[in-house]
Amino acid sequence: MAGELVLLDFWPSPFGMRSRIALAEKGIPYEYREEDLRNKSDLLLQMNPVHKKIPVLIHNGKPVCESVIQVQYIDEVWHDKAPLIPSDPYQRAVARFWVDFIDKKIYELGSKIWKTKGEEQANAKKEFIECLKLLEGELGDKTYFGGESLGYVDVALVPFYSWFYAYEKCGDFSIEAECPKMIAWVKRCMQKESVAKSLPDQEKVYEFILQLKKVFGIE
Amino acid sequence: MGEEVTFHGMWASPFSRRVELALKLKAIPYQYIEEDLSNKTPSLLRYNPVHKKVPVLVHNDKPVAESMVIIEYMDETWENNPFLPRDPYERAMARFYAKFIDDKLLPTLAKLGQTAGKEKEETIEEIHEQLKVLEDELKGKQFFGGQRIGYLDIVAMILVWLHLAGSITGQKVLSTEKFPLIYEWIERVMKMEVVNECLIPEEKRQDWIQLAQRAPKSASN
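From first to last, the protein sequence lines stand for chains A and B.
According to our numbering, the first sequence is numbered sequentially starting from 1.
According to our numbering, the second sequence is numbered sequentially starting from 1.
Treat each hint with caution, since some may be false.
Claimed, not checked - Counterexamples of contact, computed for chain B against chain A with all Cβ distances above 12 Å:
id: 1; residue: I33
id: 2; residue: D36
id: 3; residue: E66
id: 4; residue: A110
id: 5; residue: H128
id: 6; residue: G140
id: 7; residue: Q171
id: 8; residue: Q206
id: 9; residue: W208
id: 10; residue: I209
id: 11; residue: L211
Unchecked claim - Below, simulated EDC-like cross-link-like pairs (lysine to aspartate or glutamate); rule was C-alpha separation at most 20 Å, straight line:
id: 12; chain 1: B; residue 1: K52; chain 2: A; residue 2: D42
id: 13; chain 1: A; residue 1: K53; chain 2: B; residue 2: E129
id: 14; chain 1: B; residue 1: K52; chain 2: A; residue 2: E138
id: 15; chain 1: B; residue 1: K52; chain 2: A; residue 2: E130
id: 16; chain 1: A; residue 1: K62; chain 2: B; residue 2: E137
id: 17; chain 1: A; residue 1: K53; chain 2: B; residue 2: D103
id: 18; chain 1: A; residue 1: K52; chain 2: B; residue 2: E197
id: 19; chain 1: B; residue 1: K62; chain 2: A; residue 2: E138
id: 20; chain 1: A; residue 1: K52; chain 2: B; residue 2: E119
id: 21; chain 1: A; residue 1: K104; chain 2: B; residue 2: D103
Simulated from the structure, these hints should not be mistaken for laboratory data.
Glycine included, C-beta positions come from ideal geometry on N, C-alpha and C.
Throw the hints in and build the complete structure from the sequences for me.
In C-alpha cells, the structure reads:
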C-alpha cells in the first residue's frame with residue numbers, strides 16, 4: 001500500500017504543509033522535494049500540467065494535486081492510521097464546510113494584509129479577524145477541531161499559523177490579542193511533532209514575505 | 001433512509017440545480033423552497049449563517065451548505081446510485097476536475113459577460129484552454145464518471161448551460177469542431193429525463209440570460 005511517495009512542495013506553502021502534517025500524523029515515509037517556483041522542474045510540469053502548482057503528491061508515479069484532495073486521498077488510502085476525517089457523514093460535511101471556508105477566506109485575506117496598505121489592508125484585517133472568530137466559534141471547547149485528536153479542519157488551518165507573524169508585522173496588529181482561543185488551539189497543535197516539524201519558523205516566513213514585497217515592488 | 005429532507009434553492013443558480021440533480025439521481029423525496037435572494041427566508045439565514053447562500057440541504061433539521069459538500073454528504077448517506085467511484089485515486093481525480101470547474105472555468109465564464117473587444121477574445125481563449133482539459137477527460141468514456149453519470153458529470157452540467165446560453169445569445173463559445181466529445185456528452189445527458197428536469201425551463205431562459213449578464217457573480221448569493 002505504501003509504495004513510492006513523493007511530495008513536490010515549497011517550504012513556505014501552507015498548502016504543502018497540510019500534506020506534510022497528514023503524512024506525518026500517519027507515520028508514512030515519503031520523499032520531500034523542494035521546488036524552485038521561478039524554475040519549476042519538468043516533473044512538476046508533467047505531474048500538474050493543468051495548474052503547474054505545488055503541492056503535488058506522487059503515489060506510485062500517479063499525481064494527486066490540490067492540498068485538500070491530497071489530505072482526503074491520504075486519509076482514504078491509509079485509513080487505519082490516525083484518521084483525520086470523521087466517520088459520521090454529517091460530521092464529515094461539517095468538517096468539509098469549514099475547510100472550504102478556510103480555503104475561500106484565510107489565504108486571500110492574509111495575502112491582502114501583507115500586499116496592501118491603507119483602507120484595503122484595514123478591511124482585510126477586519127475580515128480576517130472575523131473569520132478567525134467564526135472558526136473559534138466552531139472550535140468551541142474542543143481540544144482540536146477534530147475533537148480529542150487532530151482532524152481535517154486542524155490540518156487545513158494550522159499551517160497558516162506559520163504566516164501569522166508576517167501578517168502581524170505587515171498589518172501592525174496582534175492576532176493573539178483579538179483571537180486568544182485560536183492561538184491557544186495553535187499552541188496545542190504545535191505540541192504535536194507532526195505539526196511542529198511540518199511548519200517553518202515564523203521569522204523565516206516573514207523574511208520570505210519581505211523578499212516578495214521587494215520583488216513585487218510593494219512597500 | 002426515509003426522513004425529512006428540505007432543500008433551499010434558486011431557479012437560476014447552477015449550484016442549486018446541481019444539488020437538485022443529485023437529489024433526483026438518488027430518487028430522494030424532498031421539499032423544495034425557492035429562495036428570493038433579495039429577500040431570504042429566516043430559515044435560510046438560520047441554516048447558513050456563515051455564507052447566507054443557496055443551496056442548503058436540510059436533513060432531519062441538520063443543515064449542509066456548499067454544493068460539493070452537500071453532494072458528498074448525499075453520496076455517503078444514501079448509498080444507491082453512487083456518485084463517486086470507490087477507488088481512492090479515481091475519487092481524487094473526480095474531485096480534482098470538479099474543483100477545476102468551480103475554481104477556474106466558472107469564474108472565467110462569469111468574467112465573459114463583463115468583457116468586450118480584445119479582453120473578450122482573451123477570455124474566450126482562456127475558456128477554450130479550460131474546456132480542452134475537460135474534453136481530454138472524456139476520452140474513451142461515455143460520461144465523466146465512466147459508464148454511468150457520476151460526481152463530475154453533475155458538476156459538468158455547467159457545460160449544458162453554456163451550450164444553452166450559446167444557442168440563445170448566438171455567441172457559441174462551445175464549438176462542436178473544437179470540442180466534439182463534450183458535444184457528444186451534452187447530447188447524451190440531455191436525453192436523460194432527470195437532467196432535463198433540472199435545466200432552466202425554456203420559458204425562463206431569456207430571463208436567465210439577462211440575469212446572468214446583469215449580475216455576473218455566482219447567482220447563488
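Results of checking the hints against the structure:
No beta-carbon of chain A comes within 12 Å of the beta-carbon of I33/B; the shortest separation is about 19 Å. Residue-level check passed: D36/B sits 24 Å from the nearest beta carbon of chain A, beyond 12 Å. Against chain A, the non-interface label of E66/B is violated: not every CB pair exceeds 12 Å, the least being about 5 Å. At the 12 Å boundary, the C-beta of A110/B stays outside the reach of chain A, the nearest C-beta of that chain being 16 Å off.
Its beta-carbon lying about 14 Å from the closest one in chain A, H128/B satisfies the requirement of being farther than 12 Å from that chain. The claim that G140/B is not at the interface with chain A holds, since no C-beta of that chain comes within 12 Å of its own (minimum 17 Å). The Cβ of Q171/B lies farther than 12 Å from every Cβ of chain A, with a closest approach of about 26 Å, so its non-interface assignment holds. With a minimum CB-CB distance of about 32 Å to chain A, Q206/B clears the 12 Å threshold, and the non-interface call stands.
Look at W208/B: its CB is around 25 Å from the nearest CB on chain A, clear of 12 Å, so calling it non-interface holds up. I209/B, annotated as away from the interface, keeps every beta carbon of chain A farther than 12 Å; the closest lies near 27 Å. Every beta carbon of chain A lies more than 12 Å from that of L211/B, the smallest distance being close to 23 Å; the non-interface claim holds. Note on K52/B and D42/A: the hinted pairing is violated, with a Cα-Cα distance of about 43 Å set against a maximum of 20 Å.
For the proposed pair K53/A and E129/B, the alpha carbon gap of about 17 Å is at most 20 Å, so the pair holds. This hinted pair checks out: K52/B and E138/A have alpha carbons roughly 17 Å apart, not beyond 20 Å. Among the hinted pairs, K52/B with E130/A is consistent with the structure: their alpha-carbon atoms are about 16 Å apart, no more than 20 Å. Of the supplied pair hints, the one linking K62/A and E137/B holds, its CA atoms being roughly 16 Å apart against a limit of 20 Å.
Distance check on the hinted pair: K53/A and D103/B sit about 14 Å apart at the alpha-carbon level, within 20 Å; holds. Restraint check: the Cα-Cα separation between K52/A and E197/B comes to about 38 Å, which exceeds 20 Å; the hinted pair is violated. Annotation: proposed proximity of K62/B to E138/A holds, straight-line Cα distance about 15 Å (limit 20 Å). Of the supplied pair hints, the one linking K52/A and E119/B is violated, its CA atoms being roughly 24 Å apart against a limit of 20 Å.
Restraint check for K104/A and D103/B: satisfied, since their Cα atoms lie roughly 10 Å apart, inside the 20 Å limit.
Comparing the model with each numbered hint stated earlier shows that hints 3, 12, 18 and 20 do not hold.
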